[in-house]
Amino acid sequence: MSDLILDRLAKGDALPTFGVDVTATTVILGALASRDWRPMHHDHKFAVERQGVQDIFLNTPNQAAWFERYLNDWTGPKGRIGRMVFRMTKPVFPGDHMLLTGTVDDVSVDETGCGWVRAEISLTVDGAVRTTATARIALPTTPDDNPWDRRGERWKP
Amino acid sequence: MTAQDTALPEDVAALIGKVQYEKRADFPAERGYIWTSCASVQNGNPLFWDDAVAAELTGGHIAPLSLLSAWARPHYWAPGAEGEQLSLQVHFDLKIRFELPEAIMTDNTNVFYEPVRLGDIVTSRQVLRSVSPEKRTKLGIGRFWVIDVEYHNQDGALLGTESYTGYGYRREAGA
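In the order they appear, the protein sequences are chains S and X. Heads up, the first sequence is in the working numbering, so the first residue is 1 and it goes up one at a time. Heads up, the second sequence is in the working numbering, so the first residue is 1 and it goes up one at a time.
Some clues are possibly wrong.
[As the list claims (entries may be wrong)] Subject to a maximum C-alpha distance of 30 Å in a straight line, what follows is the list of computed DSSO-like cross-link-like pairs (lysine-lysine):
1. 95(X) to 23(X)
2. 45(S) to 95(X)
3. 156(S) to 23(X)
4. 18(X) to 95(X)
5. 11(S) to 156(S)
6. 11(S) to 90(S)
7. 135(X) to 45(S)
8. 95(X) to 138(X)
9. 18(X) to 45(S)
10. 138(X) to 45(S)
11. 135(X) to 95(X)
12. 95(X) to 90(S)
13. 135(X) to 18(X)
14. 138(X) to 156(S)
15. 138(X) to 90(S)
16. 90(S) to 45(S)
The set of hints was computed from the structure by calculation and includes no laboratory data. This one's a predicted model, so the numbers in the text were calculated from it and none came from an experiment.
Working from the sequences, and respecting the hints, build out all of it.
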């Protein structure tokens, strides 16, 4: 895992594509890891009969965790996410092959000197969008820069 | 979707913008949950696995940022507790208030400030931002609401903010 430097990026650059086969274990492990005990994330009968969906589905914090993992695989450990906004239009179910893709939408340096990249991410299944996300990530501006050093007024997520 | 009803009851309107359910976590941030979270998404970021990398980059171990809300969620059961222990109580209050038995989250915004460190004890508080008129969607008839959650550590440092859009609904025949 290497560290991405801000000046190596430009608007329109593609993030690597990442895919994973979602299983019931994926969904339940993610729910329990995020301490979300709601039954639609582990109880098939509840999800189908009460919620009216086809199966248990990925919970919100676990989707955030997948996005965080995806982004940090790309940036390396110095990449520090400041903001993540996502919209879930359809749940992700066991049996889905979840595909994450992304594009660099903006590259900038704020008034404190912190480098930022904005990425647009799509989570698709069979080519159909299930979740879209926008992430604002701080990246080193030089090999010696470390966004994690930023505190207080020097951190503007 | 189509609008069904534009009235917002006074008791609900009075809650908008008001801080509710300020609560200190039941347990401190610990590595078991960090590793379980990483395992759930196959996250190999050395910040969470390699002591030397964590020390060099972040001055010690931090938790994945997306795990923020987990530190404030109650145990499923605890001695003396009765009934299901719920994390986003305002969401469930609205389901009961509007008699909407089902709900789903549609939008989520996370803003991350200070990272959570091992041993941190997180305090959360909830603020209802808005409630929509009744709307019909393919899931049923219900309302959208926006709830903000703020998270601080034991020193009062802001760790992050979260904003959820939930849709509470009542299924219709054939929905």
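Verification of the hints:
no.	hint	verdict
1	95(X) to 23(X)	holds, 21 Å
2	45(S) to 95(X)	holds, 21 Å
3	156(S) to 23(X)	holds, 26 Å
4	18(X) to 95(X)	holds, 18 Å
5	11(S) to 156(S)	holds, 21 Å
6	11(S) to 90(S)	holds, 28 Å
7	135(X) to 45(S)	holds, 26 Å
8	95(X) to 138(X)	holds, 18 Å
9	18(X) to 45(S)	violated, 37 Å
10	138(X) to 45(S)	holds, 20 Å
11	135(X) to 95(X)	holds, 14 Å
12	95(X) to 90(S)	holds, 21 Å
13	135(X) to 18(X)	holds, 24 Å
14	138(X) to 156(S)	violated, 39 Å
15	138(X) to 90(S)	holds, 11 Å
16	90(S) to 45(S)	holds, 19 Å
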